[in-house]
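Hey, can you piece these two chains together into the complex? The hints should help.
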Amino acid sequence: MMRVRVDLTLCQTHAQCVFAAPEVFALDDDDELVYEATPGDALRPAVEQAVRLCPVQAIFLDGD
Amino acid sequence: MRAIAIAGAGLAGLTAAQELRRLGYDGEISVVGAERHRPYRRPPLSKEYLLDRDTDLNLAGTEQLDVTWLLGQAATGLDLTGRRLHRGTLPTVTFDGLIIATGVRARTLPGTGDLRGVITLRGLDDARALHAALATRPRTVVAGAGFLGSEVAATLRALDLPVTLVESAPVPLLRPLGEPVGTIIADLHRAHGVDLRLGRRVIAAAGAGHVEAVRLDDGTVLSADLLVVALGAEPHIEWLRGCRLRLDGGVVVDSHGLAAPQVAAAGDVARRPSALLGGDLIRVEHYSNAIEQGTHAARALLGIADRFDPVPTFWCHLYGHRLQAVGFTGAGHHPKLVASEPDGRFLAEYHRNGRVVGAATVGFLRRLPAYRRLITNEYA
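Going down the list, the protein sequences come from chains A and B. Quick note: the first sequence uses full-length UniProt numbering, first residue 1, plus one each step. Quick note: the second sequence uses full-length UniProt numbering, first residue 1, plus one each step.
One chain only, chain B, in its complex shape (with noise of 0.2 Å):
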């Protein structure tokens, strides 16, 4: 193989850059991004750096990596038989081997496009226009209370901002914590001084070429100086319609990372089976996963990888408070609190077929490794 194509410039992808140049792989490698950035951290871009524009969002390595960087312009299409990349009207480019990371876009909310005051968080530059519009003090209203629009809201509240945060969901982090975890957030936001609204969506913003006013569905009207969109995202595939790999909801990759002959996926766009849910495609939009798939995924195009079924992991902070999880923990996997203290604490355990598949935590981290063993040993 001499030449490598990665489409996406994320950490997933970033990853697996260095991975292949770990691994001694010396032709050569070009990176597509869409955005005009080079890959940075993406965490802290909900938390510290709307507190700190001077936060530092460098992926260690990055400078130094020996790869062509094509950025500015996403990939646009893909021809799997002549083995090559479209960019839009930009020159294409060749590869041997792809690895897909083009990971995902954020959901918008129709008919507020026009209007300024109207952010939807996903990157750097979204970032920056955020923090430049909390300067004006805004009363601000959070679409989604996920994990980006609970730590939004939470950033907020540590500036001393006014928050409406409105979830269509019961509770909030309902999809991937489950109910009885959803509670507890939601009153960890109630407690901050969030004024929570359940099982409302937002569904317009109106003003007079900014927005003054956020519409839900109950009729009511909020006034607002900001509106931050945070309703989650959706796997950025559109491009590859139509080229012959499989995509539903992901580019769907086999149990050793690959799509088709030399093509990988990784991060957050990659749909892959889990072993430990019965064969389940599962598709996992966590900080860990697009480390550990893009390292596989390098290891799959050099014909070196092993099987790939890690028990994931991530975390959400907020207001101080430590959220950690391990395995699988949506709201499918019949979650149970097994600890709940008065001041936040609790340990919350997800079941499926009688068996422990994921836990959740605030104050028993400690506890995780465990759990974390226990998953593993089940899976074998």
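So here's chain A without its partners, still in its complex pose (with noise of 0.2 Å):
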């Protein structure tokens, strides 16, 4: 199963994984990020994608 994990001490909300894998990264009402940690695997190319442009490095991608 494809486990995402970001490191919010890195994250700048740049936001470029919400435009990348909206099913799977969110703003909050504060402009902070939420996830999905778990997400289902037909979505692992939008995620891959979210984690090429993420700008500061900050979204980890665990497991198969």
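Hints are not guaranteed to be accurate.
As the list claims (entries may be wrong) - If you want a taste of the chain B side facing chain A, the calculated C-beta under 10 Å gives, among others:
{"hint": "1", "residue": "Pro-43"}
{"hint": "2", "residue": "Asp-56"}
{"hint": "3", "residue": "Asn-58"}
{"hint": "4", "residue": "Leu-59"}
{"hint": "5", "residue": "Thr-313"}
{"hint": "6", "residue": "Trp-315"}
{"hint": "7", "residue": "His-317"}
{"hint": "8", "residue": "Gln-324"}
{"hint": "9", "residue": "Val-326"}
{"hint": "10", "residue": "Arg-366"}
{"hint": "11", "residue": "Leu-368"}
Hints listed in this document are in silico derivations from the structure and should not be mistaken for laboratory results. Note that the structure is predicted; figures quoted are calculated from it, not measured. Even for Gly, the Cβ is constructed at its ideal location relative to N, Cα and C.
Here's what the structure looks like:
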């Protein structure tokens, strides 16, 4: 199973992940990042794109 | 395909190489770069890196990547028929497939080249020089209030250094974000103690070996110890003149990312048609575009690329304010503020032929995904 982890100490809310994988990453009412840690495998390409696009490299994808 | 050359060792070139390997391409990859450094993260150079030289600039996966790095000498010519890249007097690089990702070169200010204390910020070595210069707590003039100049000015204010920011347009960031947003950014600069000179150009710098004064086009002379030139950038295409590629404000590619058979272009240097803008050619100098188009160029060379027409996204961080945007936000796209708060938060929309083509905000970030969906759906 795919596990998503975001290092929120690195995150600066550039929101590139929200654009790349809106099913997994979103912004709360304070514009802070929230995310689904165990999304379905069908979302893997979108999450991989989010990992690539994150300008502070704060998103990690573990497991298969 | 057994040998792919990538001209340009920035983010687009790196991403293309990574995507080729990810897709299982096991031939040679040669990456030719003008700088002596392997690819690194460029956005911090105008921000965190100037505050702290230990800022991590590594791009994940660069070390492990199976490519031949040919660094410290840019590609100087292309023989399209002979499938050969020239690198000055160094050995040529032969290829079956080529990705052009040579990016942009910063505009310089004529007549200031010999003076110490004049820094044109583009690459890591420039940022190192600027960081070193800041240690002497200089009085600084920044020429150009685009993204780079605005960010440098904000960083210098964070260091409590005196800054005069000179911009020829009536407001900062006019071309990329339009007048209403530029007006808000101007107020932001002034509120943070920047001496903002709008409608003015830097025309000369003077001093005995080292800059001492900067002259503006209205005759004003500013005492200064440092001049940072941030006047935008030009696509790095001169080396491609006369080789049958279409060069028009960049390397022109088709909707599949190809400039010629087995020749793709990506990143800041590439100019592509945009369906949303009625087929107009656009060149996008944003971080996310380098990654998306780099990825796409790799797929184009392998013949598995779809049409490439994403909605751009970008950001700019100033004084703790996070400006973010989606789509096409230029001054020509009828910018309109739909929200504007006294604390500097705003939301701006951009229109073309009655349709929303872009949005920019400080403080209403969570509204942007819906805009991006709207823009994307209107595309279809």
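How the hints compare with the structure:
For B/Pro-43, the interface hint holds, the least distance from its beta-carbon to any beta-carbon of chain A being 6 Å, beneath 10 Å. A cut of 10 Å between beta carbons decides the hint on B/Asp-56: the least distance to chain A is about 9 Å, and the hint holds. At a threshold of 10 Å, the smallest CB-CB gap from B/Asn-58 to chain A is about 8 Å, leaving the interface hint in force. Annotation: B/Leu-59 was flagged as interfacial toward chain A, and the flag holds, the nearest CB pair being 8 Å apart, inside 10 Å.
Interface hint status for B/Thr-313: upheld, as the beta-carbon distance to the closest one in chain A is roughly 5 Å, under 10 Å. Because the beta carbon of B/Trp-315 sits about 5 Å from the nearest beta carbon in chain A, less than 10 Å, this interface hint is met. Given hint, B/His-317 at the interface with chain A, holds; its Cβ is 8 Å from that chain's nearest Cβ, closer than 10 Å. For B/Gln-324, the interface hint holds, the least distance from its beta-carbon to any beta-carbon of chain A being 6 Å, beneath 10 Å.
Look at B/Val-326: its Cβ gets to within about 7 Å of chain A, closer than 10 Å, so that hint holds up. The beta carbon of B/Arg-366 is positioned within 10 Å of a beta carbon in chain A (closest approach about 4 Å), and the interface hint is therefore held. Checking B/Leu-368 against chain A by beta carbon gives a least distance of about 7 Å; that is within 10 Å, so the hint holds.
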